[in-house]
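Engineer: The primary structure of each chain is shown beneath.
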Amino acid sequence: MGERPGIDIGQLAGLERFAQKALRARVQSESSRAAPGRLRRNGMDYAEHRPYGHGDDVRRIDWRTSQRLGQPYVRQFDAEANADWMICLDRSASMSIDESSKWQLAVQVAEAFAYLCLCTGQRFGLRVFSDNVDSACPLGRGHAHYATVANLLMQCSVQNEGGASNIHKCTTGLRHGTALIIISDFLSEAGMTGELDYLTTTGSSAHLVQILSPRETQLPQADVSTVRDIETGLTVNIEPNTAETTAKRTLQRLQQDLADTCTRQGINFTSCRSDEAWRTVVLRHLESVLGEPQLH
Amino acid sequence: MLEWAYPVALIALSLVGLVWWLHRRALQRDSTAVSAAFLWQSTEHNLNATVQHAPSDRIWWLRAALLAFVVLALAKPLWLNHGDAPIDVWSETAPLARVIQIGKLSDDVALTTLAVRRSPIAESRWEGLVTITPNGTKAWRLPLRVGTPELIIADTSIDVPAGAEVVYRFGVPASEIGKTFTAQIDAKDGLAENNQLQLQTNTLTQVAVHLVGACSPYVRAALKSHPGVSISLTEAAATLNLVCGEAAAPLNRPTLTFHRVGSSTVPADPLRWHTANPSLSSLALGSQWLRAVAPQTHADNSVLTSGAATLISTNTTSPRRVDVWFDMQSKPLTLTPQYPLLISGLIELTMERDSLDPIASATHSREEANIQPTPLANPAHESHKPTLRGDDLSHWFIAIALALLFVDLMWTLRRNRQHG
Chain A
29 MGERPGIDIG QLAGLERFAQ KALRARVQSE SSRAAPGRLR RNGMDYAEHR
79 PYGHGDDVRR IDWRTSQRLG QPYVRQFDAE ANADWMICLD RSASMSIDES
129 SKWQLAVQVA EAFAYLCLCT GQRFGLRVFS DNVDSACPLG RGHAHYATVA
179 NLLMQCSVQN EGGASNIHKC TTGLRHGTAL IIISDFLSEA GMTGELDYLT
229 TTGSSAHLVQ ILSPRETQLP QADVSTVRDI ETGLTVNIEP NTAETTAKRT
279 LQRLQQDLAD TCTRQGINFT SCRSDEAWRT VVLRHLESVL GEPQLH
Chain B
3 MLEWAYPVAL IALSLVGLVW WLHRRALQRD STAVSAAFLW QSTEHNLNAT
53 VQHAPSDRIW WLRAALLAFV VLALAKPLWL NHGDAPIDVW SETAPLARVI
103 QIGKLSDDVA LTTLAVRRSP IAESRWEGLV TITPNGTKAW RLPLRVGTPE
153 LIIADTSIDV PAGAEVVYRF GVPASEIGKT FTAQIDAKDG LAENNQLQLQ
203 TNTLTQVAVH LVGACSPYVR AALKSHPGVS ISLTEAAATL NLVCGEAAAP
253 LNRPTLTFHR VGSSTVPADP LRWHTANPSL SSLALGSQWL RAVAPQTHAD
303 NSVLTSGAAT LISTNTTSPR RVDVWFDMQS KPLTLTPQYP LLISGLIELT
353 MERDSLDPIA SATHSREEAN IQPTPLANPA HESHKPTLRG DDLSHWFIAI
403 ALALLFVDLM WTLRRNRQHG
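For the record, the sequence lines run as chains A and B.
With the working numbering applied, the first sequence corresponds to residues 29 to 324, in that order.
With the working numbering applied, the second sequence corresponds to residues 3 to 422, in that order.
Please note that the accuracy of each hint is not assured.
Here are the in silico distance ranges between beta carbons for each label pair [as the list claims (entries may be wrong)]:
no. : chain 1 : residue 1 : chain 2 : residue 2 : range
1   : B       : L415      : A       : G222      : 49 to 59 Å
2   : B       : R416      : A       : N179      : 52 to 62 Å
3   : A       : Q183      : B       : G19       : 29 to 39 Å
4   : B       : G19       : A       : E189      : 55 to 65 Å
5   : A       : D288      : B       : G19       : 44 to 54 Å
6   : B       : W6        : A       : L262      : 55 to 65 Å
7   : A       : D285      : B       : T34       : 39 to 49 Å
8   : A       : G81       : B       : T34       : 50 to 60 Å
9   : B       : L404      : A       : Q280      : 33 to 43 Å
10  : B       : L415      : A       : E189      : 55 to 65 Å
11  : B       : L411      : A       : N160      : 15 to 25 Å
12  : B       : L411      : A       : E189      : 45 to 55 Å
Per the computed footprint, the stretches of chain A lying under chain B, defined by three or more beta-carbons under 8 Å from a beta-carbon of chain B, are [as the list claims (entries may be wrong)]:
no. : region
13  : 205–213
14  : 253–263
No lab work stands behind these hints, which were simulated from the structure alone.
Note that beta-carbon positions come from the ideal geometry of N, C-alpha and C, so glycine has one too.
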């Protein structure tokens, strides 16, 4: 595994303002669940009106709007900037393919997101996972906390064999509403559907960054007849002439399914190659969050 | 039947599983690692047909068998013949923990001493004694008989208390001196061999000296005054030759020779005895009394020396010969009080027995009469390694292992050639 280049903090400077907008949590706070006074003290901003529904607190009814529109409407509020972000980094053996280029980029992206959270005043933490959470840094804010997260990223390493990308473990113990940034290759035969459904039930916003290697579907030699799953150890007899084509096709289908699932679930999804620069990946993801290109 | 000299070595057969595991690990190394195997599965094929464990390489059977035969050879298989091994193995491996003694200790009483000597009180009388030693806790009342072939000297009963040694004394007629004495007790004891003693008393008789040559009156007087010596009138009855001068004497008996000396000189160096005979070694003999030391012409043992000159010598063969190389028949030696003691000591040296107060005795060792059993070693503390005997088959197993190794090498070379 080659030397892992660190991120250039200077390059992040331009993204800071951009990240302010992109990383602010947009947790929909139902007005029926909290008293207005408390909401004000917590600094909740007005977001919009919606029709009164069964169970809503009658004190939330905006009488003026209701009189104007002829039916009862309640106010909805947005939380202020302070939200929690948990960066989840996959260290299973599949991330070590292609001389660990996937892992190196994943670490850089994780460090970049951590710095962006620092700049935006967010609370952030880190969980490095495979079958279980192997390393973790709890939520915190400030430069000292960022240094802790950066050190943890420097110390942890990818697995050479075994492991599995168990995303469920990343959400264990997290407070309702914590946003997740999951950096992985998301290579699952089932297509991650179940895991993503589970994420949405936690009430958090999720950001998926998929990193794949250009050699994911390439054979090192032409006469290879057996491939072995680096995580499970299962071996597959292949037809050398058509194996790469089959693999490419399967991977494309997998990517498309994942993107569709994320779109359906309202999950921000970005796919990149391991030979791309980390800044490009981070920028692309932020653009996808905001829905428009901001910086080049 | 097949037996193993070192059955513990068979535990190593479990390594056969290790061979299989290592072989599969090697197979895995030969395959290409990918991030996800399902990407490479063909949708046109049945998943169960393509996703599988790698086929087992038959070569692992060969290597496992090779290892097994090596382990079996190390365990040293033995083919035992019927009828020998079972008993041997049983007897050698039976867990003997204790040997139990049966029977009781048997008491014993022994005649440990039979002795005869001249009475120190009356010169003409002789005395004898027997010592009876009991072993064990039993008291005895024993009939005792002592006698010669011609005469029963003592016939009595002796009370022997338990643990106490008893000495019985008896008078011996002078006529019986020189004969074989036998002492016997009649006891029903554990050891009958020590109930009898025999004693030769011929050493108690006077030394009959046969004078050869012209012996001086001093010599004759010293002999006559000796209570243990008599001058034999006939040569046949003599037991000792005493030669005065260089005359020839019969060689069939001990001979004491007083050599004639050629010159008259006094030994210059102090005299020194080289004998254990107490009559001589303690005799204070002055060199100024001696005259005319003759030159040595033989290499016998020195008894008396003056510097490098040998004054009295003996031989080392039988019959004994003692040679005196100074003048024994002239003054001043003949006038000294040591002169008769010197002659008496020379006679004892020649006869190799006490001449003045001889004691004849025969004994049985007290330790030999002890028949108490010796303690046995505790067999439980002794480690005994059983040894199996049989036909060693290990060389056959080694030969098979070598053959399998050869096949493996050939197979590996062929495979490597096929793969370039």
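Engineer: Tell me the numbers of any earlier hints that the structure contravenes, in ascending order.
Structural biologist: 4, 6, 7, 9, 10, 11, 12 and 13
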